[in-house]
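Let the hints inform the model, and build the full structure from the sequences given.
Chains A and B are the protein sequences, given in the same order. Numbering that gives the first Met the number 0 numbers the first residue of the first sequence as 0 and each following residue consecutively. Numbering that gives the first Met the number 0 numbers the first residue of the second sequence as 0 and each following residue consecutively.
Simulated from the structure, these hints should not be mistaken for lab results. The model shown is predicted, which means the values in this text are computed figures rather than measured ones. Ideal placement from N, C-alpha and C gives every residue a C-beta, glycine not left out. Be a bit skeptical, because a hint or two may be false.
Derived DSS-like pairs: lysine-lysine, alpha-carbon spacing no greater than 25 Å straight-line [what the hints assert, rightly or not]:
hint : chain 1 : residue 1 : chain 2 : residue 2
1    : A       : K400      : B       : K123
2    : A       : K328      : B       : K61
3    : A       : K370      : B       : K123
4    : B       : K12       : A       : K370
Chain A is faced by these chain B residues, among others (derived, beta-carbon under 10 Å) [unchecked claim]:
hint : residue
5    : I21
6    : V26
7    : E46
8    : I81
9    : D125
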Amino acid sequence: MSAKQYLTITHYKEREFYYLNHAIQMNDGFIAKEIEQFHESEKEKFIERIRTLQRQYPLHQVISISLNATQIVKDKEDLTQASAEIFPNNYVIQEKIDIGNIPVTLYFSPFSILYEEYKHKLSDKLTLIIGLFDRKLYIMFATKDKIQQSWTLGTRGLTEKQIANRVYKSMQAYYKISFKFADHIEMLVPDDAPKLLKVLREELSMSILPTQKTIHTLLHNMGSDQRKFTSSYMKAAVRRIESHENINENENKVIDNLEDINLNHEKPTSFMGKIKSIFESKPKKEKPNNEPQTKINAGTLNLSSFAPLLVVFLAGAYFSAQNSSLQEKVAIVETQNEVQIQNSQLALNTQRVFEAMGKSGELQNAIISDKKIELKGLVWGIEPLREKLDALYAGGDFSIKPLENFMTEFSFKSKI
Amino acid sequence: MSETLKKIPLINKLVYLLAIIILIAWVVPNIITYINNMKGYKEHNQELQKASSKYAITAPTKAFSPTVFQEEIKPLFSKVNITELGQKKYEVAIQIKKEDLKKLKGFIETISLRYYVEIIQPLKLDAKEETINLKITLKAL
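This is the structure we're talking about:
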């Protein structure tokens, strides 16, 4: 297994299953591997398998088919809708491309595939080409220079006879507008469908040349050569408007692939989806001619990206340091304020004690705080001193003791 | 915007995410704490300045130094003696005349505005005739 081999990865969804296949493209054809099948509940596993193949083979195309029933071939390109060119005056148009988050680089319409399969058989005579894909018939009337008309018919729930009847009515409808019947019918079926062919032959009374090829085979074939898909793959509406402004960029059209379109237009529906999408790196773009891809720094670390982290760290460290020193300052001024209030009260108490003494006594010892006092001294006017101290410290213990020298000692202790 | 983000390599996005987490979890709370601290500091400082202006103190509060303190309060009192008790505590013995009691009141009221000190209460006074001996325990902040 060589990583330099060119790989085509093909997938499509039919009913509730995804079908995946890959093939190694050689100069004389391709070697397809086994088809893998994933239930739609295993979508993530399916996508991861594609991603793994993409990683294993840098030279690759991821190809899928549009099984939309509303697509139609028109003469003019509609820039507001998704489209693929078949001829300069023939475009397959469908409203939009809806591939979800599944990787796709080339997306083809069954009409483009049918044209690619039968273009070498087309002539001036009208050919009815029918393709059966996913229970839908893609029908077109073609000549060598134009797809004249196209239809899509659903076959779900219909019998082979009903299907054949509808094809016949389509032919009649075309005859009414062009007065032409198809010269012969080519039919492309992915699976063996003998009964349908038989009924069609009977109903239309025409010979039908069946070709049996799987969708994977058809898609591998579409992706095998750049010349086949350069113009024929389907492009999204907005992208087309942009590219239309610069027609000369045709050579670079290959890089204008659906994965770009998908990322441009697919919007995550939920908040978590949006978050998730932010963490999805922009996929690698493939160069024309399948040159080795250039990695878009998916795994490289840009040093400048550390700048915000550094700024955040510096800011955090700065404010952290500032906080440490500021907290110390705050603690000091807070204590200073409390101490100042206590000191003021202490100074006031001291002053009041001396004022209370006045001429009634003389202080000898004192223990003074902002909440309580203990005093001892001599007293001459017992009652005035008692009253004054009691006014300051109500309920305090005032006691007197006569001394031998006819003096009287007092002591006062405030109530705690 | 979303497209621009998608173009950024995954590892760079992880670095940015880490920066955002650190910003929210560490830097922003630090800034909020800083703002609150600054607000508290300003408020307490304003209170102190208000008290200082009441006593006409213009000089900023100083760190307590026993030598400088002794020199500065000497003119106020008859005697001043400072003894270091350890653990940033000092016993200040002051002798003051009874007639200078107002100076004592002013001294007690303003000591914490002039120096980063706390008075460990209570005050102990011994009065003898015309003088008062006072012992105050101070703790440097």
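Status of each hint after checking the structure:
Taken as a hint, the K400/A and K123/B pair is honoured in the structure, with Cα atoms around 22 Å apart against an allowance of 25 Å. Of the supplied pair hints, the one linking K328/A and K61/B holds, its CA atoms being roughly 13 Å apart against a limit of 25 Å. For the hint pairing K370/A with K123/B, the CA-to-CA distance comes to about 14 Å; that is within 25 Å, so the pair holds. Proximity of K12/B to K370/A is assessed by CA-CA distance (about 64 Å); at most 25 Å being required, the pair is judged violated.
Taking 10 Å as the C-beta cut-off, the interface hint given for I21/B holds, the closest approach to chain A being about 5 Å. Taking 10 Å as the C-beta contact cut-off toward chain A, the hint placing V26/B at the interface holds, the least distance being around 4 Å. Checking E46/B against chain A: minimum C-beta separation of about 5 Å stays under 10 Å; hint holds. The interface hint given for I81/B is violated, since its Cβ lies 18 Å from the closest Cβ of chain A, which is over the 10 Å cut-off.
The closest approach between the C-beta of D125/B and any C-beta of chain A is roughly 6 Å, which is under the 10 Å cut-off, so the hint is satisfied.
Consistency note: the structure conflicts with the earlier hints numbered 4 and 8.
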